[in-house]
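Undergrad: So you can see what is in the structure, the chains are spelled out below.
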Amino acid sequence: MHMADALISPAVGGTMWAVTGGLVAACARKMKTSMKDTLVPMMGVLGAFVFTAQMINFSIPGTGSSGHLGGGLLLAALLGPYAAFLVMASVLTVQALFFADGGLLALGCNIFNLGFFPAFVAYPLIFRPLAGHAPSRARLGCASLAAAVAALQLGAFSVVLETQSSGLSDLPFRAFVLLMQPVHLAIGIVEGLATAAVVAFVARARPDALFGPHACPAPDAPRSLRFVLTALLLAAALFGGALSWLASPHPDGLEWSLARAAGTAEPAAPASAVHRDLAALQARTAVLPDYGFKSAGPAAEETEASAAPWPAVSAGTSVSGLVGGLLTLGVAALIGLALKKRRTAA
Amino acid sequence: MSQGGWSDVGRMDELGRLATPVHRVDARAKLVTTGLFIVAVMSVSRFEVAALTPFFLYPFALLSLGRIPPGYLFKKILVAAPFALAVGLFNPLFDRETAAVLGPWSVSGGWLSFASILLRFALTVGAALVLVACTGMHRLCAGLEQLGLPRVLAVQLLFLYRYLFAVADEGARMLRSAELRSAGPRPLRVRVYGSLVGHLLLRSLDRAERVYRAMQARGFDGEIRTLQRPRLRGTDLLFVCGWLAFFAAARCWNLAGLLGTLLMKGAS
Chain F
1 MHMADALISP
11 AVGGTMWAVT
21 GGLVAACARK
31 MKTSMKDTLV
41 PMMGVLGAFV
51 FTAQMINFSI
61 PGTGSSGHLG
71 GGLLLAALLG
81 PYAAFLVMAS
91 VLTVQALFFA
101 DGGLLALGCN
111 IFNLGFFPAF
121 VAYPLIFRPL
131 AGHAPSRARL
141 GCASLAAAVA
151 ALQLGAFSVV
161 LETQSSGLSD
171 LPFRAFVLLM
181 QPVHLAIGIV
191 EGLATAAVVA
201 FVARARPDAL
211 FGPHACPAPD
221 APRSLRFVLT
231 ALLLAAALFG
241 GALSWLASPH
251 PDGLEWSLAR
261 AAGTAEPAAP
271 ASAVHRDLAA
281 LQARTAVLPD
291 YGFKSAGPAA
301 EETEASAAPW
311 PAVSAGTSVS
321 GLVGGLLTLG
331 VAALIGLALK
341 KRRTAA
Chain R
1001 MSQGGWSDVG
1011 RMDELGRLAT
1021 PVHRVDARAK
1031 LVTTGLFIVA
1041 VMSVSRFEVA
1051 ALTPFFLYPF
1061 ALLSLGRIPP
1071 GYLFKKILVA
1081 APFALAVGLF
1091 NPLFDRETAA
1101 VLGPWSVSGG
1111 WLSFASILLR
1121 FALTVGAALV
1131 LVACTGMHRL
1141 CAGLEQLGLP
1151 RVLAVQLLFL
1161 YRYLFAVADE
1171 GARMLRSAEL
1181 RSAGPRPLRV
1191 RVYGSLVGHL
1201 LLRSLDRAER
1211 VYRAMQARGF
1221 DGEIRTLQRP
1231 RLRGTDLLFV
1241 CGWLAFFAAA
1251 RCWNLAGLLG
1261 TLLMKGAS
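As given, the protein sequences belong to chains F and R, one line each in that order.
292 is the number that this note's numbering gives to position 292 of the first sequence; each next residue is one higher, with no gaps.
1197 is the number that this note's numbering gives to position 197 of the second sequence; each next residue is one higher, with no gaps.
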């Protein structure tokens, strides 16, 4: 579920980076005040553990395929939500840097999708209430399953929202959702099974490790709900802001804001341009509630018709673009080779 | 991620410890430049394919100056490709409007945007990998912290990196012994899995305890102290400004298109 950079626009990536950055700062501050010394090496080693555990597969009974642990939920159970979020962030960073598993621009999105939901939503709001105190094995299993499925559904839906608002993929919203959610339901069940198995083992072998003295105390359900809502509200506000001011590629929108800033009042042309662009802007920003990414409303169609003919189909442009592209690639490669030769000669 | 995947981290670590001009550039400069690069590449409009090609100069230049084997990086990019490929592949299916004409063939917008996605993927992933291979984890984390990353997270990254090899070694040993005791390398049954990973977890917790006691014995009092940090030199600023100028030029003008037009004009 790691998102690649290639499907994220800078606006969406930047927004999610801001949200994740804020969460990381909040967790770091929280940990500074209430952290125990032992947590420093513990977080590091458990990060390495999650990394390793993700590479060990188990066979899913009845299907013949295999699955593995994601780790967010398990970390939250062992370390508490704040430390778990930071550890997941570090694991995802190392995966992005060393394994190209998820891009750098998308790292903010990935940390949010795979860290926020298990640590701050699934664990305090689903796992803890369901598991209660000194839970039986069956109860632990149910709690893990429910929490893991919830976390993965939310994460998958975030992926859909982020990809759709970036606008680089042509996949319609409905199709994407219908593709992602069932697949991640299965993955969630797998994660729930894996987490349940490990948690059950630890509960038997070393019960004090779970929800134990190492953990940063998890906030109770109402407080963590408030935390979640604040974070989501912040994300939504940043998202809306970034989309409306940064993501619009239409030159008309820029012209409009420039005209506004300059203060020049030309009667006819900008007036209609303003109305046209406000409508286009509204059609763009109203995309999410309508779920109508691909179905262009009358306003959008009008804009496209009156704007410069798009796409500009011209044979000359295409061919020179192709030739230039291939040549540039060749030139870049040659420069690279030349630098290498120079270095070995020197 | 394959089982041998974690040993790749070791290879990247080795590459990060080389001493080339690129390695000597301050980590902050490289971080900022790579960030700008990714933003520039991703801000190109979705149907641009040729305009993306000049951007390949950045990873190519760093690759050869930094003495990084290109085949190794290319393999890593290929391994990481599936998700972008899978989603991008839908574009030609959904967008069939003709966007370009090449002689007798008409290319749909879907294929253009798909090609654009592939190029962007190669560029961004390549730049990230080159960044790590040219910098090494320690310098990278120090640079990140100087740029504002909270210390807790920087320390966490370094600890994770430090113990990754140890814990992965342990995990590989446990997995091998499980394989030897069963009919061969195959995914474990859930109960065995729970027990194996559970034991790995317990050993990790014990290791963490040992590390903590060792830290305490060496005077750890809860505060992490780090060494003197390198300062920015003129060459670092030149590095950032030079590349920034190039990215701006490549972003504002379609350099590849210009080259092509020049050639076509010369030919005709």
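No wet-lab data here; the hints were simulated from the structure.
For each residue, glycine too, the CB sits at the ideal point set by N, CA and C.
Careful: at least some of the hints might be erroneous.
Short, incomplete list of chain R residues facing chain F, as computed with Cβ under 10 Å [to be verified]:
#1 Val1039
#2 Met1042
#3 Thr1053
#4 Phe1060
#5 Leu1065
#6 Arg1186
#7 Val1190
#8 Cys1241
#9 Leu1244
Undergrad: Decide, hint by hint, whether the structure agrees.
TA: So, going through the hints one by one against the coordinates:
{"no.": "1", "hint": "Val1039", "in the structure": "holds, 5 Å"}
{"no.": "2", "hint": "Met1042", "in the structure": "holds, 5 Å"}
{"no.": "3", "hint": "Thr1053", "in the structure": "holds, 4 Å"}
{"no.": "4", "hint": "Phe1060", "in the structure": "holds, 3 Å"}
{"no.": "5", "hint": "Leu1065", "in the structure": "holds, 6 Å"}
{"no.": "6", "hint": "Arg1186", "in the structure": "holds, 7 Å"}
{"no.": "7", "hint": "Val1190", "in the structure": "holds, 6 Å"}
{"no.": "8", "hint": "Cys1241", "in the structure": "violated, 19 Å"}
{"no.": "9", "hint": "Leu1244", "in the structure": "violated, 15 Å"}
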